[in-house]
Amino acid sequence: MIRDALRFVLISSLLLLIFTITVSANNNKGGFSLSGEAGLYSSFPSTGHNDTLPVRSHITAGLNVSSIIGITKDIEVDLGISSYYTTYSFLYDLTRWRPFILVGPTAEFTYHINNLFALSFNSSLMLQIYTQTLELIAFPRVALKGSFKFSKYFALIVPIAVDIREEYLSLATTIGIKWRVGKYHE
Amino acid sequence: MSKKNTLLIILGIFLIVVLTSCELLMKKPAKPNVKVLLVALDYRHNSEIVLNGTIRDAKEFKQALAELNPNIPDSSFVEMYQEGPSPDTSSSTYPTVNNVLTEIDKQLNDLEENDLFIFYYAGHGVDYVGDLALAVPGGGGLYHPLSAKVLLEKFSNIEKGHAVLILDSCYSGQYVPSYDFLDEYYNPNLLVIAASSPDKKSYEGNFPVDGELSHRHGFFTYYLLESLGWDHDGGNLEKSSLGIITQVRGELKTSPVMHNGTITFSSIFRYIRKHNKAKRPFIVRGPIDKVLYSEKW
Chain U
0 MIRDALRFVL ISSLLLLIFT ITVSANNNKG GFSLSGEAGL YSSFPSTGHN DTLPVRSHIT
60 AGLNVSSIIG ITKDIEVDLG ISSYYTTYSF LYDLTRWRPF ILVGPTAEFT YHINNLFALS
120 FNSSLMLQIY TQTLELIAFP RVALKGSFKF SKYFALIVPI AVDIREEYLS LATTIGIKWR
180 VGKYHE
Chain W
0 MSKKNTLLII LGIFLIVVLT SCELLMKKPA KPNVKVLLVA LDYRHNSEIV LNGTIRDAKE
60 FKQALAELNP NIPDSSFVEM YQEGPSPDTS SSTYPTVNNV LTEIDKQLND LEENDLFIFY
120 YAGHGVDYVG DLALAVPGGG GLYHPLSAKV LLEKFSNIEK GHAVLILDSC YSGQYVPSYD
180 FLDEYYNPNL LVIAASSPDK KSYEGNFPVD GELSHRHGFF TYYLLESLGW DHDGGNLEKS
240 SLGIITQVRG ELKTSPVMHN GTITFSSIFR YIRKHNKAKR PFIVRGPIDK VLYSEKW
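Chains as they are written, first to last, in numbering that gives the first Met the number 0: chain U, 0 to 185; chain W, 0 to 296.
In isolation and in its complexed conformation, chain U is listed as follows (with noise of 0.2 Å):
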């Protein structure tokens, strides 16, 4: 599982870098940004799943790369891809619940509260391949994301997203980092 997932990051790495060169290099007005985050992934069975647990627990990282496309004094809007891993749950019962890859493009709308403090919207499309079984489905997410900028390049982030399934809603609560490079407006 964790050879599977260092792949998924690997590859996942590459295809952002190369989405990342190439919006970059017609965007000189804005810049990109690369993140990283990991955490929780919590799967709430609805009634059909007939769970023992009222959640069910995974862990999940991912990365994220946008491009800068409009800012103001206050706003930015970025555009990007995200990709997540999000393992097994946790062993608990006879039950676990299934690993799964999830890509899907990212637009997000940040608020500048302040020169250290920012709040964001961000909502994906995101395609999701079960891992063991590569069954494929679709489904939108939506996440609010601050940000505490500790240095020129680097913040700290924490998003909190959430699945939205046919079947059952999820909660993705990460931690992670987040290197800007563009300009601040001026």
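Among the hints, erroneous ones may be present.
[What the hints assert, rightly or not] Now the stretches of chain U that chain W is said to cover, found in silico as 3 or more residues with beta-carbon under 8 Å:
no.	segment
1	47 to 58
2	121 to 135
3	147 to 160
Hints in this document: simulated from the structure, not taken from any laboratory. Every residue gets a Cβ at the ideal spot worked out from N, C-alpha and C, and that includes glycine.
Mind docking chain W on chain U? Use the hints.
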């Protein structure tokens, strides 16, 4: 507020969220009892439909499970075989439709909350509909069909415990319910793994043992055994008497699909799918998987 304090608060919130995950807080569930019903037929009574790998499939699978999980008592394995040229057709373990359904009822009624019941079948699947081709009472005839509908009605009603159907037969994908709460046969406590899609056959083949292609198995079960770590070249030699296998060849080694001491059925499915590319296995879709074995139980 300083940068350092802000960082500490954020990290603290994150740690609280992680540590409050349900699995870490809930009382550890009871160690599961595993029960296994193995049904296999070689159809030796009719030369036109003989299968030479099915009994070996079932017996090696039983041995692999017993070696994998020594906590399964021998009494938890029920074997129902039509084996050899003159099986005891009056036995309650002769795999007729009635005997098999009676045993399934008994096993399902005995299931407790965290128990696992594995139903394994190796034999013919009736053309295009996938009915299990079970023995005719009293011997003779070709087979008696057990339909997907009847079998799934039994299993889809389970409320306590977990059941896994492993079917190595043609068209067995017919037995895989849709991941749809409106599907009358979908039950999250039931997982079905089938050797073929609903419209495809599955096959037997000869596999190498001691450098010779002489070891007959269903393709699906061969890779199922491999996924558990079964080494066909190891262990004792296979012995048989009067057409009945009395000792299987092979021994259990390290499972390639065991991660952190745990084997899940989807990991097994993934292994079979990867190695048995020409014959596509089927499994219930959706997020829910079942655990076959864990060292942490």
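Comparing the hints with the structure gives:
{"no.": "1", "hint": "47 to 58", "result": "holds (count 10)"}
{"no.": "2", "hint": "121 to 135", "result": "holds (count 6)"}
{"no.": "3", "hint": "147 to 160", "result": "holds (count 4)"}
When held up to the earlier numbered hints, the structure conflicts with none and fits them all.
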